[in-house]
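Undergrad: The chain contents come next:
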Amino acid sequence: MAKNPAVKALSLHRDRLVKLLVVMLALLGWLTALSVASWVALEQVYQQWRLAQEQQVSVYLPAATPGVSLDTLSTQLLAQVGVQNVSLLPEAEVRNLLAPYLGDEALLPLPKVMTLQITPQVAVKQLQAIVQQVVPDATVDDARDLLGQVALAVRIVQTGALVLALTTVLVVTLLVALTVRAGLQAQAFPLRVLQTIGATDQMLARLLMWQIWQRGLWGCAMAMMLGLAVVGALGLVWPTLHSYLGWPVWLAVGLAPMGVLGVAGVVTWVVARRVVRRGVMATV
Amino acid sequence: MSMVEFSQVQFTYPKALSPTLQGLTLHLQPGSFHFICGPSGVGKTTLFKMLYMDLLPSKGTLRLFGHDVATLSRDQVAQIRRRMGIVFQDFRLLPELSVWENVCLPLALQGAVTAAQEKSVREILDWVGLSHRLEAVPEQLSGGEKQRVAIARAVVNRPKLLIADEPTGNVDDGMGKRIMHLLTELHKHGTTVVVATHSQDLVRAFNFPCVLLNASNQLAAAAA
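Chains as they are written, first to last, in my numbering: chain A, 1 to 284; chain B, 1 to 224.
These are computed hints drawn from the structure, not numbers from a lab. The structure presented is a predicted model; accordingly, all values stated were derived computationally and were not measured. Certain hints may be false.
[Said to hold, decoys possible] Estimated spans, in silico, between C-beta atoms of each pair:
#  : chain 1 : residue 1 : chain 2 : residue 2 : range
1  : B       : 114       : A       : 174       : 36 to 44 Å
2  : B       : 75        : A       : 254       : 35 to 43 Å
3  : A       : 14        : B       : 135       : 34 to 42 Å
4  : B       : 114       : A       : 232       : 46 to 54 Å
5  : B       : 75        : A       : 14        : 23 to 31 Å
6  : A       : 254       : B       : 30        : 55 to 63 Å
7  : A       : 254       : B       : 111       : 54 to 62 Å
8  : A       : 14        : B       : 67        : 34 to 42 Å
9  : B       : 115       : A       : 242       : 54 to 62 Å
10 : A       : 44        : B       : 116       : 53 to 61 Å
11 : B       : 95        : A       : 23        : 27 to 35 Å
12 : B       : 73        : A       : 170       : 31 to 39 Å
13 : B       : 135       : A       : 251       : 43 to 51 Å
14 : B       : 205       : A       : 174       : 56 to 64 Å
Heads up, the beta-carbon is just placed ideally off N, CA and C, and yes, glycines get one too.
Start from the sequences and build out the full structure, keeping to the hints where you can.
TA: So this is what it looks like as structure tokens:
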């Protein structure tokens, strides 16, 4: 006797489509969570990389560059406004960097790599001129030229993630709309009886929304757990990713399924009200 | 003010060649008891559906509780239906719900059922003689029991107007009389009762006015 008879009267729980809805919402919520989390993670990776590249310039010098030239170059570069630090990369690190390209030639003399910490306002052309003057065979690698291209690539991938998220939300909308519609068709008799004894459209929509929401909550919880498990596993399998899987990514995984649940609730409300208003159920 | 006012009401079903009801004028006063009589197919059920606003007049005016039904919003229709009790020939009990739940349903639509309301439900079920079958579901009940559950559900909100469409149509004579006695008892307590029936025996057995619909779909008479 404890359960509200009105809820029991209009119970969608026996409906197979509604049972399936939990699994579908779990999967779609999970996909949405991963899509949104990917978008957030990519943004974080890009921002970290951009910050690093905007503040760093590398100078590649021939192996035979004398120490005096290195000192001169270092002194002149440090004298420039905006150059905060100049350092020579240790030989072991250079060897590690070049190892994949050198192969059997590992004993060849190694070039020297000078790293400059700069502010974004520094005129790199001026630095290039100084380098050319002191060591004519040296080259300046300004990764900032690549930033635009990388930004475009990141935005394209992010758009893909967003499109996937929006597609899953669209699928959720269609799925919930069809489920509610089919559920109402199957519940034509109780619906009609409830209307006859004084149920308003709002009451009926609320009864349905509550049930879909309850089911959806399970799906949402499953999606959230799956999403968190995947992100956790990624961090464990590839520890290098760990620094990019910060709290915004975890938050995205947690919130995206709730967003899907919200969409399911709104769709249920709108569809239920429309169906009840139009009275698609045949007269019983 | 009449509780129910039909003024020159006509009703034609979609795609029908001729109206099912036409020129119907009928005023029912609060506290009255009327039979709506006539042979099958004459429009009793149509009139009955108009009473609970399942159908609206094609022409003319129908006023319930002083409201012109044509001007009511869906929410207002629902509100007025809560002031009415409706008993159907085919009971319209919800098969998944127990006797108790079916009767509580109109109350549950308005929020949680209170302890006082639960007491009232028990009294009503006692009144219709079903207090021992609270947990039974409709398929476990006889036709007479189902109809009494339907009556209990119809009166649980203490309606001002009770309408019943062939309430004795699906039960034996003895149970039919028992059901009619329940309805007359309600009438004695001030409820306006309208019973649609094609049974002349029933009309003769109870001394209430009978509104007769004849075969030409005209309201022919209102006689005691």
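Undergrad: Check the following: the C-beta atoms of residue 75 of chain B and residue 14 of chain A are separated by a distance inside 23 to 31 Å.
TA: Since residue 75 of chain B and residue 14 of chain A have Cβ atoms about 29 Å apart, the given range 23 to 31 Å holds.
Undergrad: Holds or violated: the 55 to 63 Å window for the beta-carbon distance between residue 254 of chain A and residue 30 of chain B?
TA: This hint holds: roughly 60 Å between Cβ atoms.
Undergrad: With 54 to 62 Å as the target window, see if residue 254 of chain A and residue 111 of chain B comply at their CB atoms.
TA: 34 Å, violated
Undergrad: Given the hint of 34 to 42 Å, check if residue 14 of chain A and residue 135 of chain B actually sit that far apart at their C-beta atoms.
TA: 20 Å, violated
Undergrad: Mind checking the hinted window 46 to 54 Å against the Cβ distance between residue 114 of chain B and residue 232 of chain A?
TA: At roughly 49 Å between Cβ atoms, residue 232 of chain A and residue 114 of chain B fall inside 46 to 54 Å, so the hint holds.
Undergrad: Measuring from beta carbon to beta carbon, are residue 95 of chain B and residue 23 of chain A in 27 to 35 Å?
TA: Holds: the Cβ-Cβ distance is about 28 Å, inside 27 to 35 Å.
Undergrad: Can you let me know if the beta-carbon spacing of residue 115 of chain B and residue 242 of chain A is within 54 to 62 Å?
TA: The hinted range 54 to 62 Å holds for residue 115 of chain B and residue 242 of chain A, with Cβ atoms some 58 Å apart.
Undergrad: With 35 to 43 Å as the target window, see if residue 75 of chain B and residue 254 of chain A comply at their CB atoms.
TA: 38 Å, holds
Undergrad: Check the following: the C-beta atoms of residue 114 of chain B and residue 174 of chain A are separated by a distance inside 36 to 44 Å.
TA: 41 Å, holds
Undergrad: Is the distance from the Cβ of residue 73 of chain B to the Cβ of residue 170 of chain A consistent with 31 to 39 Å?
TA: 33 Å, holds
Undergrad: Given a hinted range of 34 to 42 Å, is it respected by the beta-carbon distance of residue 14 of chain A and residue 67 of chain B?
TA: 38 Å, holds
Undergrad: If you check the beta carbons of residue 44 of chain A and residue 116 of chain B, does the distance land in 53 to 61 Å?
TA: Holds - the Cβ-Cβ distance for residue 44 of chain A and residue 116 of chain B, about 60 Å, lies within 53 to 61 Å.
Hint violations for this structure: numbers 3 and 7, all remaining hints satisfied.
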